[in-house]
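Spelled out from the first residue to the last, the chains are:
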Amino acid sequence: MVSEQLVDLSRLQFAATALYHFLFVPLTIGMVWMLVIMESVYVMTGKPLYKDMTRFWGKLFGINFALGVTTGITLEFQFGTNWAYYSHYVGDIFGAPLAIEGLMAFFLESTMIGLFFFGWDRLSRRQHLLVTVLMAVGTNLSALWILIANGWMQNPVGAEFSYVTMRMEMTDFWAVVFNPDAQAKFVHTVSAGYVTGAMFVLSISSWYLLRRRDVEFAKRSFGIAAAFGFASVCSVIVLGDESGYTVGEAQQTKLAAMEAMWETEPAPAPFNLIAIPNEAEMKNDFAIEIPWVMGIIGTRSLDKQIPGIKEIKAKNRERIVSGIEAVTALDALRRDQNDEAARREFEEHKADLGFGLLLKKYVSHFDQLTPEIIEKAVNDTVPRVAPMFWSFRLMVALGFAMLLLFGLALWHSVKGDFADKPWLLRAALYSLPMPWIACEVGWFVAEYGRQPWTIYGVLPTHLSVSTLSVESLYGSLAGFVGFYTVLLVVEMYLMIKFAKQGPGSLGTGRYANEAHA
Amino acid sequence: MLDYESLKLIWWLLVGVLLVGFAIMDGHDMGVGTLLPFVGKDDTERRVVINTVGPHWDGNQVWFITGGGAIFAAWPLVYATAFSGFYWAMLAVLWALFFRPVGFDYRSKISNPTWRKTWDWGLFIGGAVPPLIFGVAFGNLFQGVPFSFDDHLVSTYSGSFWALLNPFALLCGVVSTAMITFHGAIYLVHRTQGEIQWRALRAAGFFGGLMVLSFVAAGVWLWMGIPGYVIQSAVEGGALPNPLAKTVVREAGAWFANYRAYPATLLLPALGIVGVFAAQALARSGRSMAAFWASALAIVGVIGTAGAALFPFIMPSSLDPRASLTVWDSVSSRLTLNIMLWATLIFMPIIILYTSWAYRVMGGKVTAAYVRENSHSAY
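Just so you know, the sequences run in chain order A and B. Its first residue numbered 764, the first sequence is counted upward by one per residue in our numbering. Its first residue numbered 334, the second sequence is counted upward by one per residue in our numbering.
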């Protein structure tokens, strides 16, 4: 049996390295389109101000991009180093989008970024704009394939288990690509990136305006960020709502947990605005409900029910019991593949194999099973409610706060008086961390909410790990934390240095704080 | 759709192509990183050296990442078993690579000399450590790796990191580090002039010699002292992959069986050696572009030599030889191999096209004058 400590440390290391990676990714995804917009204006109008904007914001983009690349390599390899059984069990499906991401997107993005920075004097204006557009396309395609892989973890379509190869195998590639979960996730995630890019430019421009520095440069940047940010934040909210609605059991379980819905309420279900979930007694000690809203958001109807946690657990209990048969038959088949009786038994219970495997967290042989152990496994099938409930609310609250900010920024940008509204500029400046916090808690909801599974309904998390020693994990975790802390300090130092210096760092002679050679 | 057996063979070749692509493309900028503190004596010279690969290292590094992804997709069991077994070696590669993006991009953004020197050594580590470890890993593949599977194919590795660093494996590490550094030196000859070019030429002399010597020594050692692995049971190329279904034995001289059976494969080691000498001669006579491709052919020869010797093995198990991972039984399903083949056939030519374009746009000698004129935007 796999030690619980090993599983916890492996999860901690993955969570830490993935969340850290995602400090850099959304800014890349969003800023790259802002660069496309700025450079397009430059190519159309020929005004050097827009070229300087592209180059200055591009410089900050580059500082951020370097760490995105650095921390991304870790993720490409960590499935193999720390999640070996996962890699074997689902690599047939999960590996393909990762490899295609490299071939179709990451090569394009990384080759073009070199030309973006170094090609200004060697390419015509149009050619350089084309390079920037291709870089943006590459970046966003990259996100698409990664989220197709991640979407499959939430909703594993287009695949089937084979007892001969002892793994999941792809049966329908297009089902994996057009997985509704993946598509909803993609648009929600890239939109969140666009908001992050817009907020970054909006905040820093506001800071220049508050100091009355490089005013023309900052005003133009602010205007672009306000418009792009407003459109993006609307898209995040609308499409986020869409990803709540997508069907599938993983999403239903997440929905029940993040809404603290213990019972299946009569349709249309009320929405808990605020609640104090009580895990032990499976009820809310206190709740402010808004009637009907949950049912409408969750089902787009007035008459369909949304299953509560108790109902989900009851259904999962049946699946675990059936899963016991599946695992037992599988063991027989692994000993003798010609065992016809075992094969028939296995085919009958195959759909519940993953649920049977949940029990392996507690026993290695099923002759040691007791009703208490089955009950424990049933309780494992729904993630803990309070962390889901609160992090989801934090994400949504931040989303609406940003909607308000970008709405005001756009309004005053259209009126043309934002530069004289210090309250607005200050609000924009202090809102800088919001999109990052929203992105990180958003991923927490998505991934913690899938527990106890790595692949929902197929492969439990505790079986997915590599059989490493606990000492190795402590060592590598310490190494990652050490490296990443130093890198973050260096990156923040450079980012703040150049953001403070402003466009003068380009050394064009047109701005405040000119750089000296 | 092609039959399963052909797909398995094609994917062995394609993984080889990706590995060779990685060594040629990312290899030359890693070699440049390794040589950086030695061929650049002052800050301007070092900036010249760095800017020869400045616009390209990032794209080149994707060969590594895509290689990892392709092994995940095509050989999931290899990806799982090798990466978790070689845990600390993989982490050392990863952590060494951390120095590259930040080293390239951050180094020249601050003029403090200590800052810049620190990142120069960072780029050295990022250039020298990965090829060393990949060589060591190959050296261990020839000796067999101590892993086994239970009947649900959960792999357990029972060696330590230090056991990987045995003399034969270290010799293989020397081969691959010398090869990559040689390749980087030839690239520098092509992209620089004057003093730096002259130092790069001398480095190419040294590392080319070291590469040939260590390559021949490793071959002799493999011949004399390292038994190979042989599949004893009948091979069903089209069968569903199950690495526990075969029997395997160790046998002296077995790593040379393919060379005995197909003497044409001996052209590979010959290419590895001739390529180096040709590259040196071409570089000295001023035909540096041709020298680069000769050096690339040497890389094809060396990696091909290892691949042809090991075939059909990918990762033999010293602990439980029947669990050895081979081309036949550690692959993905037929459907996945087929889809990945199409993806590669479609995108690889496109990648080569725009990569060549990027090199053409940024081509020509990098000079001190270029660095001075672009001191706010160059690396």
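Wrong hints could be hidden among the right ones.
Mimicking DSSO-like on lysine-lysine, the simulated pairs with C-alpha atoms at most 30 Å apart in a straight line are [unchecked claim]:
{"no.": "1", "chain 1": "B", "residue 1": "K374", "chain 2": "A", "residue 2": "K982"}
{"no.": "2", "chain 1": "B", "residue 1": "K442", "chain 2": "A", "residue 2": "K1263"}
{"no.": "3", "chain 1": "A", "residue 1": "K810", "chain 2": "B", "residue 2": "K450"}
{"no.": "4", "chain 1": "B", "residue 1": "K698", "chain 2": "A", "residue 2": "K1123"}
{"no.": "5", "chain 1": "A", "residue 1": "K1184", "chain 2": "A", "residue 2": "K1260"}
{"no.": "6", "chain 1": "B", "residue 1": "K374", "chain 2": "B", "residue 2": "K579"}
{"no.": "7", "chain 1": "A", "residue 1": "K1113", "chain 2": "A", "residue 2": "K1073"}
{"no.": "8", "chain 1": "A", "residue 1": "K1139", "chain 2": "A", "residue 2": "K1178"}
{"no.": "9", "chain 1": "A", "residue 1": "K1113", "chain 2": "B", "residue 2": "K579"}
{"no.": "10", "chain 1": "A", "residue 1": "K814", "chain 2": "A", "residue 2": "K1046"}
{"no.": "11", "chain 1": "A", "residue 1": "K1260", "chain 2": "B", "residue 2": "K579"}
{"no.": "12", "chain 1": "A", "residue 1": "K1260", "chain 2": "B", "residue 2": "K450"}
{"no.": "13", "chain 1": "A", "residue 1": "K810", "chain 2": "B", "residue 2": "K442"}
{"no.": "14", "chain 1": "A", "residue 1": "K1263", "chain 2": "B", "residue 2": "K450"}
{"no.": "15", "chain 1": "A", "residue 1": "K1263", "chain 2": "A", "residue 2": "K810"}
{"no.": "16", "chain 1": "B", "residue 1": "K698", "chain 2": "B", "residue 2": "K579"}
{"no.": "17", "chain 1": "A", "residue 1": "K1124", "chain 2": "A", "residue 2": "K1073"}
{"no.": "18", "chain 1": "A", "residue 1": "K1067", "chain 2": "A", "residue 2": "K1078"}
{"no.": "19", "chain 1": "A", "residue 1": "K1046", "chain 2": "A", "residue 2": "K1124"}
{"no.": "20", "chain 1": "A", "residue 1": "K1184", "chain 2": "A", "residue 2": "K1124"}
{"no.": "21", "chain 1": "A", "residue 1": "K1046", "chain 2": "A", "residue 2": "K1067"}
{"no.": "22", "chain 1": "A", "residue 1": "K1124", "chain 2": "A", "residue 2": "K1178"}
{"no.": "23", "chain 1": "A", "residue 1": "K814", "chain 2": "A", "residue 2": "K1178"}
{"no.": "24", "chain 1": "A", "residue 1": "K814", "chain 2": "B", "residue 2": "K374"}
{"no.": "25", "chain 1": "A", "residue 1": "K814", "chain 2": "B", "residue 2": "K442"}
Pairwise CB distance ranges (calculated) [stated by the list, open to error]:
{"no.": "26", "chain 1": "A", "residue 1": "I1053", "chain 2": "B", "residue 2": "A578", "range": "17 to 27 Å"}
{"no.": "27", "chain 1": "A", "residue 1": "A1077", "chain 2": "B", "residue 2": "S493", "range": "24 to 34 Å"}
{"no.": "28", "chain 1": "B", "residue 1": "S491", "chain 2": "A", "residue 2": "Q1100", "range": "26 to 36 Å"}
{"no.": "29", "chain 1": "A", "residue 1": "A938", "chain 2": "B", "residue 2": "R535", "range": "51 to 61 Å"}
{"no.": "30", "chain 1": "A", "residue 1": "V1126", "chain 2": "B", "residue 2": "N499", "range": "55 to 65 Å"}
{"no.": "31", "chain 1": "A", "residue 1": "K1178", "chain 2": "B", "residue 2": "H709", "range": "33 to 43 Å"}
{"no.": "32", "chain 1": "B", "residue 1": "N445", "chain 2": "A", "residue 2": "N1276", "range": "34 to 44 Å"}
{"no.": "33", "chain 1": "A", "residue 1": "L1195", "chain 2": "B", "residue 2": "S491", "range": "33 to 43 Å"}
{"no.": "34", "chain 1": "A", "residue 1": "A994", "chain 2": "B", "residue 2": "P370", "range": "41 to 51 Å"}
Hint data in this document are derived by calculation from the structure and do not stem from the laboratory. These figures come from a predicted structure and were not determined experimentally. Yeah, the Cβ is synthetic: ideal placement off N, Cα and C, and Gly gets one too.
Here is what the structure says about each hint:
no. : hint                         : in the structure
1   : B:K374 - A:K982              : violated, 45 Å
2   : B:K442 - A:K1263             : holds, 14 Å
3   : A:K810 - B:K450              : violated, 39 Å
4   : B:K698 - A:K1123             : violated, 62 Å
5   : A:K1184 - A:K1260            : holds, 26 Å
6   : B:K374 - B:K579              : violated, 57 Å
7   : A:K1113 - A:K1073            : holds, 24 Å
8   : A:K1139 - A:K1178            : violated, 60 Å
9   : A:K1113 - B:K579             : holds, 27 Å
10  : A:K814 - A:K1046             : violated, 58 Å
11  : A:K1260 - B:K579             : violated, 61 Å
12  : A:K1260 - B:K450             : holds, 20 Å
13  : A:K810 - B:K442              : holds, 27 Å
14  : A:K1263 - B:K450             : holds, 25 Å
15  : A:K1263 - A:K810             : holds, 24 Å
16  : B:K698 - B:K579              : violated, 55 Å
17  : A:K1124 - A:K1073            : holds, 22 Å
18  : A:K1067 - A:K1078            : holds, 18 Å
19  : A:K1046 - A:K1124            : holds, 27 Å
20  : A:K1184 - A:K1124            : violated, 59 Å
21  : A:K1046 - A:K1067            : holds, 22 Å
22  : A:K1124 - A:K1178            : violated, 61 Å
23  : A:K814 - A:K1178             : holds, 25 Å
24  : A:K814 - B:K374              : violated, 35 Å
25  : A:K814 - B:K442              : holds, 20 Å
26  : A:I1053 - B:A578: 17 to 27 Å : violated, 60 Å
27  : A:A1077 - B:S493: 24 to 34 Å : violated, 48 Å
28  : B:S491 - A:Q1100: 26 to 36 Å : holds, 28 Å
29  : A:A938 - B:R535: 51 to 61 Å  : holds, 58 Å
30  : A:V1126 - B:N499: 55 to 65 Å : violated, 40 Å
31  : A:K1178 - B:H709: 33 to 43 Å : holds, 36 Å
32  : B:N445 - A:N1276: 34 to 44 Å : violated, 18 Å
33  : A:L1195 - B:S491: 33 to 43 Å : violated, 50 Å
34  : A:A994 - B:P370: 41 to 51 Å  : holds, 49 Å
Hint check: violations occur at hints 1, 3, 4, 6, 8, 10, 11, 16, 20, 22, 24, 26, 27, 30, 32, 33; the rest are consistent with the structure.
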